[in-house]
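> For reference, the chains in residue letters:
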Amino acid sequence: MHELPQQLANGLILGALYGLVAIGYTMVYGIVQLINFAHGEIFMVGGFGALTAFLALPGGTSLWIAIPLMLLAGILVSTLVAVGAERFAYRPLRGAPRLAPLITAIGLSIVLQQLVFSFYPDAKKARVFPKIPGDPIEFASVTIQRSDIFLLVAAPLCMIVLGWFVAKTRSGRAMQATSQDPDTAKLMGIDTDRIIVMAFAIGAAFAAVAAVAYGLRTGQVDSRMGILLGLKAFTAAVLGGIGNIYGAMLGGLALGLTEGLATAYIQHVPGMDLFGGAAWKDVWAFVLLIVVLLVRPQGLLGERVADRA
Amino acid sequence: MRNRSLIVVSIAVAGALSLSACGSRGEKKAEDGAAGSTTTVTIGVDAPLTGDLSALGLGIKNSVDLAVKQANAKNEVPGVKFEIKALDDTAKPAPGQQNATNLVADKTVIGVVGPLNSSVAQSMQQIFNDANLVQISPANTGVALSQGEAWATGKKARPFKSYFRTATTDAVQGPFAAQYLVNEAKKKKVFLIDDQKTYGAGLAGTFKGEFTKLGGTIVGEEHVNPDDRDFNAIVTKVKSSGAEAIYYGGEYPAAGPLSLQLKEGGVNIPLMGGDGIQSGDFIKLNPKSQGDLATAVGLPVEQLPSAAKFIADYKAAAYKDAYETYGGYSYDSAWAIIQGVKTVVAANNGKLPADARAKVVAAVQAISFEGVTGKVSFDEYGDTTNKQLTVYAVKDGKWAVEKSGTLAG
Numbered sequence: 006m007h008e009l010p011q012q013l014a015n016g017l018i019l020g021a022l023y024g025l026v027a028i029g030y031t032m033v034y035g036i037v038q039l040i041n042f043a044h045g046e047i048f049m050v051g052g053f054g055a056l057t058a059f060l061a062l063p064g065g066t067s068l069w070i071a072i073p074l075m076l077l078a079g080i081l082v083s084t085l086v087a088v089g090a091e092r093f094a095y096r097p098l099r100g101a102p103r104l105a106p107l108i109t110a111i112g113l114s115i116v117l118q119q120l121v122f123s124f125y126p127d128a129k130k131a132r133v134f135p136k137i138p139g140d141p142i143e144f145a146s147v148t149i150q151r152s153d154i155f156l157l158v159a160a161p162l163c164m165i166v167l168g169w170f171v172a173k174t175r176s177g178r179a180m181q182a183t184s185q186d187p188d189t190a191k192l193m194g195i196d197t198d199r200i201i202v203m204a205f206a207i208g209a210a211f212a213a214v215a216a217v218a219y220g221l222r223t224g225q226v227d228s229r230m231g232i233l234l235g236l237k238a239f240t241a242a243v244l245g246g247i248g249n250i251y252g253a254m255l256g257g258l259a260l261g262l263t264e265g266l267a268t269a270y271i272q273h274v275p276g277m278d279l280f281g282g283a284a285w286k287d288v289w290a291f292v293l294l295i296v297v298l299l300v301r302p303q304g305l306l307g308e309r310v311a312d313r314a
Numbered sequence: 050m051r052n053r054s055l056i057v058v059s060i061a062v063a064g065a066l067s068l069s070a071c072g073s074r075g076e077k078k079a080e081d082g083a084a085g086s087t088t089t090v091t092i093g094v095d096a097p098l099t100g101d102l103s104a105l106g107l108g109i110k111n112s113v114d115l116a117v118k119q120a121n122a123k124n125e126v127p128g129v130k131f132e133i134k135a136l137d138d139t140a141k142p143a144p145g146q147q148n149a150t151n152l153v154a155d156k157t158v159i160g161v162v163g164p165l166n167s168s169v170a171q172s173m174q175q176i177f178n179d180a181n182l183v184q185i186s187p188a189n190t191g192v193a194l195s196q197g198e199a200w201a202t203g204k205k206a207r208p209f210k211s212y213f214r215t216a217t218t219d220a221v222q223g224p225f226a227a228q229y230l231v232n233e234a235k236k237k238k239v240f241l242i243d244d245q246k247t248y249g250a251g252l253a254g255t256f257k258g259e260f261t262k263l264g265g266t267i268v269g270e271e272h273v274n275p276d277d278r279d280f281n282a283i284v285t286k287v288k289s290s291g292a293e294a295i296y297y298g299g300e301y302p303a304a305g306p307l308s309l310q311l312k313e314g315g316v317n318i319p320l321m322g323g324d325g326i327q328s329g330d331f332i333k334l335n336p337k338s339q340g341d342l343a344t345a346v347g348l349p350v351e352q353l354p355s356a357a358k359f360i361a362d363y364k365a366a367a368y369k370d371a372y373e374t375y376g377g378y379s380y381d382s383a384w385a386i387i388q389g390v391k392t393v394v395a396a397n398n399g400k401l402p403a404d405a406r407a408k409v410v411a412a413v414q415a416i417s418f419e420g421v422t423g424k425v426s427f428d429e430y431g432d433t434t435n436k437q438l439t440v441y442a443v444k445d446g447k448w449a450v451e452k453s454g455t456l457a458g
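Line by line, the protein sequences give chains D and C.
Each residue of the first sequence is one higher than the one before, starting from 6 at the first, in the numbering used here.
Each residue of the second sequence is one higher than the one before, starting from 50 at the first, in the numbering used here.
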């Protein structure tokens with residue numbers, strides 16, 4: 006069992022990554038009840054935005070300068086794409102049946118993949134992403150990659166900023182009001198269109214931070230990286246209670262821990278040796294989702310809402 | 050309002066049309082009738098031209114292109130002009146199968162070079178066999194493709210008589226790696242990982258058999274999904290297993306990050322794999338690949354005197370992409386088809402016979418010539434008779450030759 010602390014750390018790091026992307030699903034759903042299936046691709050374009058910034062910098066630039074610039078570029082690209090998608094793909098369909106924007110979202114995700122592929126001629130191939138150099142850091146029996154420290158700092162920081170924004174600022178409160186009842190909020194003088202754009206933008210910015218973290222962690226980005234990660238983050242959002250910001254983070258962590266522990270230990274459960282190991286980790290993640298939805302359909306932190314599908 | 054929706058629809062239609070135009074690019078029509086009695090025959094190429102494995106795929110395509118250009122320049126087969134038709138299988142069985150149907154339907158296609166992946170080959174073999182169209186893979190190493198599913202039990206039976214390959218099989222590659230790790234590198238404890246594809250799992254299986262026979266211990270086994278890029282849970286397992294090396298059955302898109310994350314997680318042991326990781330992209334994706342090992346079939350092209358001309362010609366042709374691991378084998382595969390056509394045409398008074406495809410299959414079976422990679426000929430299963438292998442190690446950002454030889458025992 007001596008590898009348990011390390012597996013817990015792996016799970017937490019992976020979970021933080023899922024959580025950051027899940028915020029985007031949860032905020033958009035919380036306000037417009039739209040599952041933005043193109044969010045995985047918004048994450049992906051953020052990674053390519055950051056990569057482009059890195060490639061544009063002169064060789065040998067210190068990572069202390071490069072990473073903030075990459076973050077900035079990633080956030081810029083992701084946010085622009087998300088806001089553009091909202092304006093041209095979702096807003097015209099706002100009054101339409103809920104299925105329509107859902108299908109648009111799926112179409113949009115394919116368009117975005119194809120666009121990145123066209124801009125980056127070999128984007129279907131993995132592109133090298135810079136890594137933070139240096140040896141891993143050891144805490145007792147736990148080893149942490151240098152590149153993961155970025156994620157360990159960025160994830161809580163993002164959450165604190167978001168929590169403060171939603172609770173304390175005028176726009177944040179307007180956001181809460183819109184998510185509770187958009188029509189009444191509008192009557193109270195809240196510009197709901199602006200709030201919706203803001204929800205898309207914040208989600209996209211978080212996704213871009215996650216994309217930089219993903220790139221640093223795996224040393225590569227590719228145009229298909231948003232598909233599976235987006236699906237996992239969506240799962241995390243549902244797991245935590247879709248619409249709840251802290252739920253997204255909690256769901257992400259639960260999912261990450263499940264994957265880490267399932268890879269390590271399911272094999273050792275008697276009779277389960279066939280279903281353990283890394284190849285099955287996605288299966289266990291979705292088993293967890295099903296179990297939570299059976300026991301607590303609103304998700305871990307969600308509230309029961311009668312009329313929402 | 051009406052006008053607006055009309056505009057939207059027309060933009061969508063235009064977009065769809067331009068996308069489908071992309072799909073059909075590369076199907077150049079033959080310029081027929083230019084030289085009177087010249088017949089144009091096509092050599093099909095099926096390989097991943099886009100996607101993760103495109104580095105290898107483009108190397109295959111270019112090498113076949115080079116063979117065809119040289120055959121035409123030398124007028125290798127009088128009265129016959131060669132062309133290539135390269136289709137993209139994106140390293141997946143389903144597009145590969147469509148490409149096979151496409152190539153069979155094109156009556157000018159006389160033989161096919163490819164594919165890269167064993168799992169793709171599986172989906173194509175029946176189609177080519179039904180059409181009597183010769184297929185020579187420069188890269189497939191899955192044993193069952195040529196020796197039948199029961200090969201491991203000793204009951205070898207060739208399933209498709211139109212299938213050949215210039216690459217040696219995993220029945221040779223896995224054990225060769227095991228012998229190297231035990232005898233040369235003195236590694237007795239290995240952690241085994243594979244990606245569950247035909248190639249990766251087969252390689253891991255043949256490695257395991259020989260490694261345990263030589264007295265080595267498999268201290269842990271894992272399977273990953275080929276699309277996984279996060280391996281930290283496995284890193285932890287490897288670390289606590291006490292392994293001295295990792296053997297990975299699979300390809301470089303996953304092997305690169307796997308090896309990188311191992312070293313970043315503090316596990317400083319070499320990762321060894323087969324020819325699926327012996328690519329420049331493995332090193333590009335993995336800045337900490339120093340010391341990682343790979344086997345590849347045949348002798349390094351750079352070391353063969355027969356290949357010096359190939360390398361010079363390839364350079365002179367100024368292709369954008371490197372010839373990669375399979376360049377020499379692809380050139381030889383194409384040349385085997387060209388020689389097959391030559392035999393058939395010579396036996397038919399300088400003309401292509403009506404049943405050319407079937408006759409080329411028979412001619413390729415009997416072929417024997419000195420190619421880029423050594424002697425090119427095929428045994429009763431369609432496998433190459435050339436069973437040489439090489440171990441490579443990453444040194445200073447390059448694959449360097451560690452040891453060449455033939456499988457012992």
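It is possible that part of the hints are untrue.
Unchecked claim - Short derived list, chain C residues pointing at chain D, Cβ under 7 Å: (1) 99; (2) 101; (3) 156; (4) 264; (5) 267; (6) 271; (7) 309; (8) 313; (9) 317; (10) 426.
Everything labelled a hint here was simulated from the structure, so no lab data went into it.
Treat the numbers as computed from the prediction; the structure is a model and nothing was measured.
Beta carbons: idealized from backbone N, C-alpha and C, even for Gly.
> Of all the hints numbered above, which does this structure not satisfy? Sort the numbers upward.
3, 4, 5, 9 and 10
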